[in-house]
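K.L.:
Sequence:
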Amino acid sequence: MFDAFPFDEWSEDIAEFWTFGGAGSTGTWILTILGIAVMLIAFVWFVVMEKGKLERQAQALRASGALDRPSTDA
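Per my numbering, the sequence shown starts with residue 931, numbered consecutively.
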């Protein structure tokens, strides 16, 4: 198998190169926190959206008579 990627030529300096700074820098932490916040917001939005879809579908089924309302009698 032919491997032309020059791993041997890399130094430790190139591993530290990226736009927001090296490993453990303030930029790394800011991007990590932003990523976690966006993930949580997207998760909450997804749950709310799916809950709304389920409620609309249940309402449509009840209106068509395919789904009877649960009795409130104990």
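Hints in this document: simulated from the structure, not taken from any laboratory. Some hints could be false.
[As the list claims (entries may be wrong)] Ranges between beta-carbon positions, derived for each pair:
#, residue 1, residue 2, range
1, Trp-959, Gly-995, 51 to 61 angstroms
2, Ala-993, Ile-960, 41 to 51 angstroms
3, Ile-960, Lys-981, 24 to 34 angstroms
4, Gln-987, Ile-963, 28 to 38 angstroms
5, Ser-1001, Trp-959, 47 to 57 angstroms
6, Gln-987, Thr-962, 18 to 28 angstroms
All C-beta atoms, glycine included, are put in the ideal place defined by N, C-alpha and C.
K.L.:
Against this structure, judge whether each hint is valid.
P.N.:
Verification of the supplied hints:
1. Trp-959 <-> Gly-995: 51 to 61 angstroms: Given range 51 to 61 angstroms: holds, Cβ gap about 56 angstroms.
2. Ala-993 <-> Ile-960: 41 to 51 angstroms: Holds - the Cβ-Cβ distance for Ala-993 and Ile-960, about 49 angstroms, lies within 41 to 51 angstroms.
3. Ile-960 <-> Lys-981: 24 to 34 angstroms: holds, 32 angstroms
4. Gln-987 <-> Ile-963: 28 to 38 angstroms: holds, 37 angstroms
5. Ser-1001 <-> Trp-959: 47 to 57 angstroms: holds, 55 angstroms
6. Gln-987 <-> Thr-962: 18 to 28 angstroms: violated, 38 angstroms
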